[in-house]
Amino acid sequence: MSESPCAKCERLLQLYLDGGLNEIEAREAENHLDDCGYCHRQYRFERAFREHLRKTLSEEPMSPELRIKLAALRSDVRPAGDP
Amino acid sequence: MSEQAPDTAGRELAEEARDRVRFEEEALSRADQVYQVARHLAGSKEEAEELMQETYARAFRSWRSYTPGTNMRAWLLRILTNLNIDRGRRKQRRPPERSLEEGDYSLYDRLEETTGAGSSEDEERLLNRLSQSDIVDALTALPHDFRDVLVLVDLGEFSYQETAQILSIPIGTVMSRLHRARRLLKQSLAGSLENER
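For the record, the sequence lines run as chains A and B. Just so we're aligned: 78 in numbering that gives the first Met the number 0 is position 79 of the first sequence, and the numbers increase by one with no gaps anywhere. Just so we're aligned: 107 in numbering that gives the first Met the number 0 is position 108 of the second sequence, and the numbers increase by one with no gaps anywhere.
One should not assume that every hint holds.
Here are the simulated BS3-like cross-link-like pairs (lysine-lysine), alpha carbons at most 30 angstroms apart as the crow flies [claimed, not checked]:
#1 B:Lys44 - B:Lys185
#2 A:Lys68 - A:Lys54
#3 A:Lys54 - B:Lys44
#4 B:Lys44 - A:Lys68
#5 B:Lys185 - A:Lys54
Looking from chain A toward chain B, a few residues come up when the C-beta cut is under 10 angstroms (computed) [as the list claims (entries may be wrong)]:
#6 Gln13
#7 Leu14
#8 Glu22
#9 Ile23
#10 Ala25
#11 Arg40
#12 Phe44
#13 Ala47
#14 Arg49
#15 Pro60
#16 Leu69
#17 Arg73
The hints are simulated quantities; they were obtained by calculation from the structure and are not laboratory data. Glycine residues also receive a C-beta, built at the ideal position from the N, C-alpha and C atoms.
Could you put together the complete structure from these sequences and hints?
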């Protein structure tokens, strides 16, 4: 299927997932998702896609070397009594 | 009166030193979260590490401009995105001229086609067809203006408003760039599946 039968809902769906709709708009979107199988599937996919993106792109932690370099950038000012 | 002045000045200095140390500790405690976003705002791991060091050097110098109690991660990322732009590293790519008005759902359709799955197929299993390098490459290939908003919202989990403040752009621009960025990303990923065939 190359063309969405609910193309006009697409922007609304993105806003809904981003938490960018007000309460009334969000309720309208939810009602539509309950009624429209096509949009509901797209909603599930979009939600999973974002989660997948976040998980995939967050896999690489900061290196210990960088952590040490950043800490070394601190000022030398330490209040008396602090280590 | 004049005898008390040195004491007062000394106390103020000591307080300032404590505030500064508190700031530095808080900024460092956010470094992992900032790096997660920085890694994908920059084009490579090396660039991200350089940007992190420049950001923290600047943050530690400008610590007085941070308002305690406000969003430290957003404050640091605002410095970082400005430095990223200033460094002129950003080779601007023009967004494709072709229409983005169709095919937003093509990634889903393509994933279903390539796995030969029906409509009830589990989304996560479909998405596992996309390799990490496919996703990183598709993100890196996005025009910077689009990548910035997508990384801040989808990875950094900032609101539209916070993203607008970090990038110093209107909220409407955040929304339109985000919309286009997601479309471009999905089109690009759909394309990478096509190439694997």
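Outcome of the hint check:
1. B:Lys44 - B:Lys185: holds (23 angstroms)
2. A:Lys68 - A:Lys54: Holds, at roughly 27 angstroms.
3. A:Lys54 - B:Lys44: Between A:Lys54 and B:Lys44 the Cα gap is close to 17 angstroms, so the pair holds against 30 angstroms.
4. B:Lys44 - A:Lys68: holds (15 angstroms)
5. B:Lys185 - A:Lys54: holds (16 angstroms)
6. Gln13: Result: holds, 6 angstroms to nearest chain B Cβ.
7. Leu14: Constraint on A:Leu14 satisfied, holds at 8 angstroms.
8. Glu22: violated (16 angstroms)
9. Ile23: violated (18 angstroms)
10. Ala25: violated (15 angstroms)
11. Arg40: holds (7 angstroms)
12. Phe44: Constraint on A:Phe44 satisfied, holds at 5 angstroms.
13. Ala47: At about 4 angstroms, which falls below the 10 angstroms cut-off, the nearest Cβ of chain B leaves the hint on A:Ala47 intact, so it holds.
14. Arg49: Nearest chain B Cβ about 6 angstroms off; hint holds.
15. Pro60: holds (7 angstroms)
16. Leu69: holds (5 angstroms)
17. Arg73: Given a least distance of 5 angstroms, the restraint on A:Arg73 holds.
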